[in-house]
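Going line by line, the protein sequences match chains C and S.
Counting with this note's numbering, you get residues 1 to 330 for the letters of the first sequence.
Counting with this note's numbering, you get residues 1 to 371 for the letters of the second sequence.
Each hint should be verified, as a subset may be incorrect.
Here are some chain S residues the structure puts well away from chain C; computed CB gaps all over 10 Å [unchecked claim]: (1) Ile24; (2) Arg93; (3) Ile236.
Below are the EDC-like pairs computed for lysine to aspartate or glutamate, each with C-alpha atoms no more than 20 Å apart in a straight line [what the hints assert, rightly or not]: (4) S:Lys45 x S:Asp78; (5) S:Lys216 x C:Asp72; (6) C:Lys179 x C:Glu30; (7) C:Lys133 x S:Glu9; (8) C:Lys102 x S:Glu9; (9) C:Lys133 x S:Asp199; (10) C:Lys133 x S:Asp200; (11) S:Lys216 x C:Glu70.
Think of the hints as simulated: they come from the structure by calculation, not from any bench.
A virtual CB, placed ideally from N, CA and C, is assigned to each residue, including glycine.
Listed below, chain by chain, are the residues.
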Amino acid sequence: MNAIDVQNIVKTFGDFTAVNGITFQVEAGEIFGLLGPNGAGKSTLIRMMTTLILPTSGTAIINGCDVVKESDGVRRAIGVIPQAMTSDLELSVTENLLIFAKLYGVPREKRTRLIHDLLAAVELTQWADAQVKNLSGGMRRRVEIARGLVHEPRIFFLDEPTTGLDPVSRVAVWEMLQKIKAERDLTILITTHYMDEADKLCDRIAIVDHGELKALDSPMKLKASIPSNNVLDVSFSATPAGWMQQLQGLPAVESVTGGEDDVYRVSSLNGPATTLALMEAAARAGVTVRSLSVQSTTLDDVFVHYTGRALRDALQEANPMERGMVMRRG
Amino acid sequence: MSRTWAIIERELRRFRRSPMLIVISMIFPIVQLVVLGYAFGGNVKHLKVGVVDQDHGVPAVKVRELASAVTSGAKTFDTIEYADPGQALADLRNGRINGVLTIPPEFSRRVLDHNEPQVALIEDNTDNFVSATLAAAVDGMVTAYNHPIGSSARVQGQATLDVVEVYPYVPYIQYLLPGSVVMSIFMMVMIGGGIIYIDDKARGLHEGYLVTPITKFELIAGFNLSGTVKAVLAGIVLMTIGSLIAGIPNPFDPMRLVRLLVVIVTTAFALISLMFLMMVRVTDPLIPRATFGVLNTLLYFPSGAVYPQQGFPGWMQVIAVADPFTYAVHAFKSLLLKNTGFSAIASDLGFLLLFSVVAMTLATKLFRRTL
Chain C
1 MNAIDVQNIV KTFGDFTAVN GITFQVEAGE IFGLLGPNGA GKSTLIRMMT TLILPTSGTA
61 IINGCDVVKE SDGVRRAIGV IPQAMTSDLE LSVTENLLIF AKLYGVPREK RTRLIHDLLA
121 AVELTQWADA QVKNLSGGMR RRVEIARGLV HEPRIFFLDE PTTGLDPVSR VAVWEMLQKI
181 KAERDLTILI TTHYMDEADK LCDRIAIVDH GELKALDSPM KLKASIPSNN VLDVSFSATP
241 AGWMQQLQGL PAVESVTGGE DDVYRVSSLN GPATTLALME AAARAGVTVR SLSVQSTTLD
301 DVFVHYTGRA LRDALQEANP MERGMVMRRG
Chain S
1 MSRTWAIIER ELRRFRRSPM LIVISMIFPI VQLVVLGYAF GGNVKHLKVG VVDQDHGVPA
61 VKVRELASAV TSGAKTFDTI EYADPGQALA DLRNGRINGV LTIPPEFSRR VLDHNEPQVA
121 LIEDNTDNFV SATLAAAVDG MVTAYNHPIG SSARVQGQAT LDVVEVYPYV PYIQYLLPGS
181 VVMSIFMMVM IGGGIIYIDD KARGLHEGYL VTPITKFELI AGFNLSGTVK AVLAGIVLMT
241 IGSLIAGIPN PFDPMRLVRL LVVIVTTAFA LISLMFLMMV RVTDPLIPRA TFGVLNTLLY
301 FPSGAVYPQQ GFPGWMQVIA VADPFTYAVH AFKSLLLKNT GFSAIASDLG FLLLFSVVAM
361 TLATKLFRRT L
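Chain C extracted, bound-state conformation:
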């Protein structure tokens, strides 16, 4: 049985369609990533799967329970970390966990042991009695991760758990999730707009944009699925006219973009061969190569391939007002 089975799910808010007929399954034990910019529909999707909002049409079966007809069964099986930090600042770390253990009806005799184990798992044992307001953002996120697991859920939903954290805290949260996953029989669904996060953490990734599923596979297969294997970022000095056409004519070159200030991005099916030919062409034309870097295909390239735009551009597209709307609508 799949842990999550979403079939043709749709959510509309008036005339606005936030999620438009998405279908996917998540196997038990997977870490599954929903990747997309703000406003892509990730949060709306996760809110439907966690019974927070009702789908307009379609179905979502979570741990064998329908989110509409058997919402209580879904709620018992899932742990949820919402996008916003929602731990109580005035309460201690233990109190935050204790309140949620009671809300989930965890028996009194199990609570103490569970909370002790979870604090150890998120490495907050020594902060157990500290008020949450005295913790850093990363530590607070770890409190929330522990809180979401206090009733031993089968499926764990995390909505952009590292947004707003510094790079060190982000890595700490990834490691924490991988460790928890290894120790427990847990399926994890995570939404993110960080490519590196999805790449390192997820077994499979669904790329979502404008409420639609654009691609779904493992990070490796997704990267292999797009034509370019390497990206060359190269900067020249004083290039002659028609230089871009010359670059496009180099061996194994798929496409060339840029050109402004003599900086080009070259997509290649064979990085080493293109690099060699590029250096020779530059020497022949008397053009100096100021810098050159060769990168393997990233999920950013995958995102560009499937959506037609870079993720960072997609993030910038939403002005502050739209981002506010997106926050509410998903």
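Once you've looked at the hints, dock chain S against the given chain C.
Okay, now just chain S, sitting in the frame of chain C:
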């Protein structure tokens, strides 16, 4: 119900660690009680009355003696002698004095002739309180002139009024106290209930509740009972401090305290129900803050907390009928000022309970278990 208790426990733990919340909700009612209580509660004294005696006869001297008696006794006014009535009127218009008592030239002759003798009081009526006080004091003086002590007949031919006061003198600050207790409950309902409820909702804290298996009823009970507990605590604190400040006689009579507690709990629940009905669909944190002041004015002043409702215009009396403050203030007045039993406040408690049931039923229907 264990999940309901979890919400109450959470709210009370947060409340205990936010002492500013209870201080803020207490400060305004206490300041208002003390300032309004002492500002409005005192008798008006030392008004300035110009006396123009144009008669100088024995009866006129008697009138002036009676005015001097008021000056040295009740001290309602001090007299200033004027020889020139024009100067007295000029000073009245310029605000140097509050009134002019004129004894006309023919006063003594008319007294002796029993021919409608009159003295005149010309007063500055731009201040209703001052002019009414001055008129009452001079009226009392004229009455004393007409019925001097020791000169009355053995059997009075005219009807007189004897006023018997059932309760000891009630200073205005005590009259204000019931309204202040209700206001402290309301402040806590709005700050500790409404504003926190909407802020938590906006911060996403409610999502944490909604993804648990808690039922709609348990959620509503948790939100409202925790708000009621906080408001009851505020009411008890204000009632205790306020009773001491206002000098309520025997404030810790156990039976009265029990009855007061019943009224505080009922009032807190009625106001929480009102707040929950108003805020159940609200998501913008500005709304409870924006409505707070308006609602306070709309509920507090028509309730009879500061002025008798009989003096209100019709439209305000309509508000007063539906206003839960009216019944809470009446119940607190009965208990704090008259120390009555439950029978005197049964209808107040009945209205507050009915109000709670109606508001909570509507709010429950409007409450959504999803975002």
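These are the hints, each one checked on the structure:
1. Ile24: Per Cβ check, S:Ile24 is outside 10 Å of chain C; nearest 16 Å; holds.
2. Arg93: At roughly 61 Å from the nearest Cβ of chain C, S:Arg93 sits farther out than 10 Å, so the non-interface label holds.
3. Ile236: holds (22 Å)
4. S:Lys45 x S:Asp78: holds (9 Å)
5. S:Lys216 x C:Asp72: Holds - the C-alpha atoms of C:Asp72 and S:Lys216 are around 12 Å apart, at most 20 Å.
6. C:Lys179 x C:Glu30: holds (14 Å)
7. C:Lys133 x S:Glu9: holds (19 Å)
8. C:Lys102 x S:Glu9: holds (10 Å)
9. C:Lys133 x S:Asp199: Holds, because 17 Å separates the two Cα atoms, which is no more than 20 Å.
10. C:Lys133 x S:Asp200: Roughly 16 Å separates the two Cα atoms, so the pair holds.
11. S:Lys216 x C:Glu70: holds (15 Å)
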